[in-house]
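Enquirer: Just so you know, the protein sequences line up as chains G and E, in that order. If you count the first sequence from 1, position 208 lands on 199 in our numbering, and the numbers rise without skipping. Every position in the second sequence, counted from 1, becomes a number in our numbering once 3 is added.
Among the hints, erroneous ones may be present.
[Unchecked claim] As a list, the in silico PhoX-like pairs of lysine-lysine whose alpha-carbon atoms are at most 20 angstroms apart:
hint: 1; chain 1: G; residue 1: Lys94; chain 2: G; residue 2: Lys28
hint: 2; chain 1: G; residue 1: Lys25; chain 2: E; residue 2: Lys115
hint: 3; chain 1: G; residue 1: Lys344; chain 2: G; residue 2: Lys94
hint: 4; chain 1: G; residue 1: Lys25; chain 2: G; residue 2: Lys94
hint: 5; chain 1: G; residue 1: Lys186; chain 2: G; residue 2: Lys472
hint: 6; chain 1: G; residue 1: Lys186; chain 2: G; residue 2: Lys196
hint: 7; chain 1: G; residue 1: Lys345; chain 2: G; residue 2: Lys94
hint: 8; chain 1: E; residue 1: Lys115; chain 2: G; residue 2: Lys94
hint: 9; chain 1: G; residue 1: Lys28; chain 2: E; residue 2: Lys115
[To be verified] So the derived list for chain G, only partly shown, Cβ under 10 angstroms to chain E, looks like this:
hint: 10; residue: Leu(-6)
hint: 11; residue: Ile(-4)
hint: 12; residue: Ala11
hint: 13; residue: Leu19
hint: 14; residue: Ala22
hint: 15; residue: Leu23
hint: 16; residue: Thr195
hint: 17; residue: Lys196
hint: 18; residue: Leu198
hint: 19; residue: Leu200
hint: 20; residue: Leu201
Just so you know, these hints were derived from the structure itself, not from any lab. Note that beta-carbon positions come from the ideal geometry of N, C-alpha and C, so glycine has one too.
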Amino acid sequence: MTLTIPTFSLISIGPWLTLALGAILILLVDALSKGRKTYFPYFSLAVLALAAFQTIDLWGAQSTDFARMVYVDNFAFLFYLILILGAALTILLSRPYLEEWGKDMGEYYALILFATVGMMMMAASAHMIMIFLGLEVMSIAVYVLAGFFREDARSNEAALKYLVLGAFASAFLLFGMAFLYGAAGGSLYLDELAKRLTDAATLTKPLTLLAIALLVVGFGFKVAAVPFHMWTPDVYEGAPTSITAYMAVAVKAAAFAAFARVFFLAFPAFHVNWHMLLWVLAVATMTLGNVVAIAQTNIKRMLAYSSIAHAGYILVALVAANQLGAVSILYYLLAYTLMNIGAFGVVILVARKKDSYLNIYDYSGLAYQHPGLAAGMAVFMFALAGMPPTAGFVGKFYIFSAAVQAGYIWLAILGVMNSLVSVYYYLRITVLMYMRPAEADLGPIAFTPAVTACVIATAVATVLVGIFPGWFYDLAMNSVKIFPSL
Amino acid sequence: MLINYVPVLLYMGIVVGLIGSIVLLSELLGKKRHTPQKDIPYECGMDPIGDARYRYTVRFYVIAMFFIVFDIEAIFLYPWGVIFKDLGWFGFAEMAIFVFVLVVGLAYVWGKGALEWE
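Isolated chain E, as found in the complex:
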């Protein structure tokens, strides 16, 4: 029965409505003060207009990956810190294993020379 799929249709409607209203609200409520700096299409600090095929150093990616890895480590450390006492030594051991695995990754990239900036 096609009528059974109304919830799915409804879901799609909500998705479109949510996206539409967010765009609309930011258009209506946002301040519209233009400066030359603001009008640059901003994308990760690079001027996105120009030839796409120019070379930039691969270290950007290494740093980005580092950031993500250790950012996630920090995110996991915070909730652990909150319930540190309840989890006790078990939680400590689990966290130690988790950090150990990340340290292995760090040791690996260090050993491979990915951290040398020249």
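Chain G extracted, bound-state conformation:
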């Protein structure tokens, strides 16, 4: 028997290796040396920066590697950069918050890096099994992070709920892949699936549709689409605030990366069948997210429902399934990363004393005591509501233009109406901050340098990316050229 060993180049997965090695190093140093270590956040940021440089260095490549299991293309690279940005901003937010809870441990940073590796694997998968592998690498790290405050009952609840329901959703995804394997006659390569499924359509179409439905359940869970959103409010509320921010932006981005690639590459011939399904999901997700967010008085819960609504907007772009739609997914995820992490940064600054101030009425009169902080929060709220000239507006503009371009006029109308609903609860925070007197003395807020820098940077970036969307639009346009069917 002779074995042919496939050729591969480690450089094409360089960013993964850098992050994984960095995380392993953190674990070893943390376990094998004594004393408190303060340099892990800096080290993690350095590792993320190195991975970003490697990604930029790879930019422009268009191939597959590791026996066609991994895509080396700009679509993956752009997602790498968004994910690295999300992870880096999360790490900036974390240190003082973790110290407050007495949980500034090396594992935290290692797990964030491991989760980011999993997300990158999902964004670059060329094979269903790679998607599953990436999903699990990401999810297991995030389950642990959600329960990172071991002594806190709500953090425990969040981790357990996320773990049990997440495992269930993974099973759906895997079952969908199994059906797909049968329907395609024994292949799970994304680029082969399209042809094989179409050729065998007369025989195996029901099987394919069943597989598509199961995949929608699996991905829908990870992006928190209605009706698979039940876990979101509890998990987002109970998890450490920095991890909530990370889950809302990075996990969602990674899941949408895989979602978009699978549906654009493997199922273009079945668009007739899945567009209606996702249409209904998108409308339900936007509507439920926005309407229920109105009733929330806990800021983390409100942002959880808002993140459900934003998943709905991105689903609109997925339904449109044209080039602008794919571009708008990328743009919206970048905008959402900036504005949402910024908003959670403000939440962390205001919450203090082990999250004592999470009620939205704690924000009353914030503008009189801390005008800068209130201005920052106002920028994020306007951006999340989709007001010009912020990135949130341009993102929604792209998404709804894509829907109109593809002929989904009603979907665009419903989306815009949902944005109007969302204005109510986002602007309520602004109104509380600027037009109400403080209900009680808020007391001093400790403006730690890293968190303050993160909030300022995201606020400025939210506005700048909104005023100058062109450069990112070009990057995204360049990267979605890999989808021949769009």
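Take the given structure of chain G and dock chain E to it, following the hints.
Expert: Below, chain E without anything else, positioned relative to chain G:
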């Protein structure tokens, strides 16, 4: 067309039939000798009847996880051993990386004191 979904229905039928026949066969073919020991509902060595909210040491889980991790390592080592010569140094390097990652995990739990039994 609903008729197209007959294979799916058939599949579900096979699943139910397989489970049913396995249960039925073990009921029919199995020996039915009852001893007091055998009649205890056996679940991982613990008496499952009683209050569910009693505390037991977290080390059970650590040991269980260790077992799974190194069990899987062994499972991967066997097929590698069978085709060791064909894979050559490439396979050796791959396996070394795999074992290295597991050793990192071992070093981590060791350093954290999870192996101390007191």
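Enquirer: It remains to establish, for every hint, whether it holds in the given structure.
Expert: Evaluation of the provided hints:
{"no.": "1", "hint": "G:Lys94 / G:Lys28", "result": "12 angstroms, holds"}
{"no.": "2", "hint": "G:Lys25 / E:Lys115", "result": "10 angstroms, holds"}
{"no.": "3", "hint": "G:Lys344 / G:Lys94", "result": "14 angstroms, holds"}
{"no.": "4", "hint": "G:Lys25 / G:Lys94", "result": "16 angstroms, holds"}
{"no.": "5", "hint": "G:Lys186 / G:Lys472", "result": "19 angstroms, holds"}
{"no.": "6", "hint": "G:Lys186 / G:Lys196", "result": "13 angstroms, holds"}
{"no.": "7", "hint": "G:Lys345 / G:Lys94", "result": "11 angstroms, holds"}
{"no.": "8", "hint": "E:Lys115 / G:Lys94", "result": "15 angstroms, holds"}
{"no.": "9", "hint": "G:Lys28 / E:Lys115", "result": "14 angstroms, holds"}
{"no.": "10", "hint": "Leu(-6)", "result": "5 angstroms, holds"}
{"no.": "11", "hint": "Ile(-4)", "result": "5 angstroms, holds"}
{"no.": "12", "hint": "Ala11", "result": "9 angstroms, holds"}
{"no.": "13", "hint": "Leu19", "result": "6 angstroms, holds"}
{"no.": "14", "hint": "Ala22", "result": "3 angstroms, holds"}
{"no.": "15", "hint": "Leu23", "result": "5 angstroms, holds"}
{"no.": "16", "hint": "Thr195", "result": "8 angstroms, holds"}
{"no.": "17", "hint": "Lys196", "result": "6 angstroms, holds"}
{"no.": "18", "hint": "Leu198", "result": "7 angstroms, holds"}
{"no.": "19", "hint": "Leu200", "result": "9 angstroms, holds"}
{"no.": "20", "hint": "Leu201", "result": "6 angstroms, holds"}
Violation of the numbered hints given earlier is absent; every hint is satisfied by the structure.
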